[in-house]
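K.L.:
Protein chains in written order, with the numbering used here: chain A, 1 to 299; chain B, 1001 to 1298; chain C, 2001 to 2429.
DSSO-like, lysine-lysine: derived pairs with alpha carbons at most 30 Å apart:
hint, chain 1, residue 1, chain 2, residue 2
1, A, LYS71, A, LYS286
2, C, LYS2406, A, LYS146
3, C, LYS2136, C, LYS2429
4, B, LYS1070, C, LYS2256
5, A, LYS65, C, LYS2415
6, A, LYS71, C, LYS2079
7, C, LYS2079, A, LYS65
8, C, LYS2034, C, LYS2053
9, C, LYS2079, A, LYS237
10, A, LYS71, A, LYS237
11, A, LYS156, C, LYS2394
12, C, LYS2190, C, LYS2406
13, A, LYS97, B, LYS1027
14, A, LYS57, C, LYS2394
15, B, LYS1286, B, LYS1025
16, B, LYS1124, A, LYS286
17, C, LYS2415, A, LYS156
18, B, LYS1070, C, LYS2190
19, C, LYS2034, C, LYS2338
20, B, LYS1244, C, LYS2315
21, C, LYS2053, B, LYS1094
22, A, LYS289, B, LYS1124
23, A, LYS237, C, LYS2397
24, C, LYS2415, C, LYS2394
25, C, LYS2256, A, LYS237
26, C, LYS2079, B, LYS1252
27, C, LYS2136, C, LYS2107
28, A, LYS97, B, LYS1286
29, A, LYS146, B, LYS1070
30, A, LYS97, B, LYS1028
31, C, LYS2406, A, LYS71
32, A, LYS57, C, LYS2107
33, C, LYS2034, B, LYS1244
34, A, LYS65, C, LYS2228
35, C, LYS2136, C, LYS2357
36, A, LYS237, C, LYS2107
37, C, LYS2265, B, LYS1252
38, B, LYS1252, C, LYS2053
39, B, LYS1162, C, LYS2079
Keep in mind that the hints were calculated from the coordinates and are not lab data.
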Amino acid sequence: MKKRLASENLAGYAFISPFIIGFLAFTIIPMAVSLYLSFTSYDLFSTPVWVGLDNFKEMFTGDDKFWQSLKVTFTYVFAGVPLRLIFALIVAMLLNKASKAVGLYRTLFYLPSIIGGSVAVAIMWRNIFGNEGTLNALLFFFGIDKKILWYQDPTKALWTLIFLAIWQFGSSMLIFLAGLKNIPPSYHEAANVDGANRFQVFFKITLPLLSPIIFFNLVMQTISAFMTFTPAYIITKGEGGPLDGTLLYSLYIFQKAFNFFQMGYASAMAWVLLLIVGILTLILFKTSKFWVHYESKED
Amino acid sequence: MKTVTKDTGPLMPPTAVSYKNPRLKAKKWIYHVITGGFALLMLYPIIWLLMSSFKESSQVFITAHSLIPKPFILSNYAAGWEGIAGQSFGVFIKNSLVIVILSTIGAVASSALIAYGFARIQFKWKAFWFACMMVTMMLPHEIIMIPQYIIFAKLGWLNSIKPIVVPQYFGHAFFIFLMVQFIRNIPMELDEAARIDGCGRFSIFYRIILPLITPALATAGIFSFYWKWEDLINPVLYLNSPEKYPVSLALKLFLDSETASNWGAMFAMSVVSLLPVVLIFFLFQKYIVEGISTSGLK
Amino acid sequence: MKKLGLIALSFLLLFSLAACSTSGKETSGGKDDKITLRVAWWGGQPRHDYTMKVIEMYEKANPNVEIEAEFANFDDYWKKLAPMAAANQLPDIIQMDTAYLSQYGEKGQLEDLTKYTEDGLIDVSSIDENTLSGGKIGENMYGFNLGSNVLSVITNDDMLKSSNVELNDENWTWDDFVTMATAVQKSTGKYGTNGMNPADVFFPYYLRTQGERFYNSDGNGLSYTDDKLFVDYFNLQLELLDGEAFPTPDVQAQVKGLEDDFIVKGNAAMTWNWSNQYLGFAQLTDSPLTLNLPPEQAAETALFLKPSMYFSVPKSSEHKEEAAKFIDFFVNDVEANKLIKGDRGVPVSSKVIEAIKPELTEEETKIFEYVERASQNASQADPPDPLGSAEVMKALKDVSEQILFKKITPEEGAKTFRTQAEEILGRNK
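Using the sequences provided together with the hints, build the complete structure.
P.N.:
Right, here's the structure in full:
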């Protein structure tokens, strides 16, 4: 018995050894350093000065922008992620056929994701939602004389970012497609032979078999939504405006670290974020056993 | 009347396709109108980008409403291709390709290996290492950037693509987790059957599991390609000489806050730089589409 | 099998790459008198192109020097520079900006260049002392001034004429400015002026016209004590905003670049900018434009020559003397400056200005003449921004936005800003 376990351990570590080596070489030291820095005042040029919990105290009691950025980020995540996943799933199901046109559609729907965080996207996006932009021109075309001023109102400005995230659902869609294709058609055939209707097939067969992938997308989209930086940076030119309405958490960290040279404080903020995201992820993992179903029937 | 059954995917039961059935044709039409219409809406911003690349720089924002360039010029493409400070744009594209191809091969291969370990093997402290892996995604890059930079400086890897490419060969948390989920969806019976036939761990990995997660591999490949193609912060940090710049960085050289930016050239080259990514997607997506062929299993 | 082969191949490629570049590094070391200088700057495409040519000229004149150029656009440049500084990997010559000079200089990253000007390695015989002092913090010259800019109000003369507005830039007042901007709005329906953006440039100028300054001389607090100045300045803007002669902050923020700016599109008659930006505007519009002195500059000689940018030499550089020689070439060599012209500001050497004047285009000449004219009425520029200035600027920007979005009154804004600024600058005590 013991012998088998030992060889299992060896095999396991052999397979994950690339991760461990990379982790030890490139990640663990920077992570440890950043944790240390969060207890210091560090301006990148002089030696860090130990300040204990001051950064955290300042953050929670003295920094309005900290709370604002948390509010903005939570709104962004809790509005954007579900919408994005729903669109991705619907479109994936629509495109899950074997036909030539579908291949083209798939590419078309995926295209927005590809131009991701590029400057071109930001310019384009600002142009569409601008006061003289395309969206308002469209309204005018339909006879609506009122312009929507997206960038005058902090909430509306945030929604332009959320729309951007949703527009780029292509990447989640791709993963759903991969997951859908991994469900053997034999399952569907068997169900149909048994006389199941469309909804029964979807809820009893497709969804449960897709659940590991839904879970994956949910966790990953949540994590990456919290980390969102580039689109916000480019679209708001690093300002997070108007009136800090688009001040995403990582944008604020960047401002603190590189504009104000307060790397210690920024590191403290980063670790707070890590805790928040870590706890949320843990919750997602723990509750997954209630709805996620793995075909390998492990414990 | 000949009837044929066609595979209509998981949502709908296989239907008999009769070529004289008008109701079915109508359904098809509706499908194409809705999906196609939606696709076009999604694409508007990209169409805007494309059309802007045919406009003169100074006109791009003045005529932002109209999609039609007046005059229609191709010179942006020529000007953009000339590149910056003596480097033709072709150099930038080559640099991007090298970085991206090397990274993708490394990321997908190593992640698959690691994912197999996490998904199929019970070993001590597995949960701990899995948590470590997840945590690597939760720290904002800006914070670990400087210590990482110092590590690479000490290794003498600055001004080269090594800091960008080499870490990819040690797994990427996103891909690892993705593949873990796919592998966990493969019934254990297959592993056991192979074991009875005398296959070792690596064999099971290579011959059974890997082919069954092709959609995940293809997806990871597409993602890695596109992420690395777009990656800006790493080239900014680690590549100093302009002749080493990849496309993502080069595009920003066209813009300037103080003088007139060369928007036309930038848009034109953005369109050009989109092409490889779209191509890769188009080529790889069939691996996602093909899914698993159950016949090979038993 | 094929897959394994592919993976093996890429590992091979990887390691051969590793081998290649490490061996490559050794040959360009420091043997047989060849010096490698790394020069870094930010800018746009035209600047990269001509600077590379200037570098080639220098290399030809100094065959033992090889220069590695590193350039990026403004944002990326600073993102890159900070980690380099933290890892002691800064290039030998770095382009520097007033906003960052204190941060890099007072934290020990930059070398004091005074000794090179004194021992003649950098020839300053045709450079004004005032201009040089623009790069000094206290006694240390952390940056060598490359060129001068002056604040200006650029006007679209057609729009002014059609609104019957006459502008006399020698003696116009702030009230005149408001009247004119409103007149333009009434007659053309367009903005009279752009958003005087960013606030951290124009509010300090306003203070200067009232005989006050923004930062105090020690850099640990605000200089002006009467908040009425703050209130007056913002009331002026609110008056224009209510009259629709002035854009709201969101409209101003949507300007993506010079070609999108109000004056180019014919949407504003006046724009507040630095003198060097005139060139870009002139190239983008057919309307006649003029560079005007800003309001009320005479009484308190509020105008100043601002260093547009500097070259600095990091303390960590191993080739400081060669770097100084390059700077000397850059600011004094006539042939080189025929390429540089006014892109990095009006040159600091009077000899160079005279020599390149015949080479300038009509628009470029206008800028040179304007700066010359302004310098006759100019007083000492403010010293480089003190530590913490980035935060102070952000605070001012935020307060300005809140005022212009009508979320708070100028009075409240004055108080809030003072509290925040004093707290930030107070850390320098």
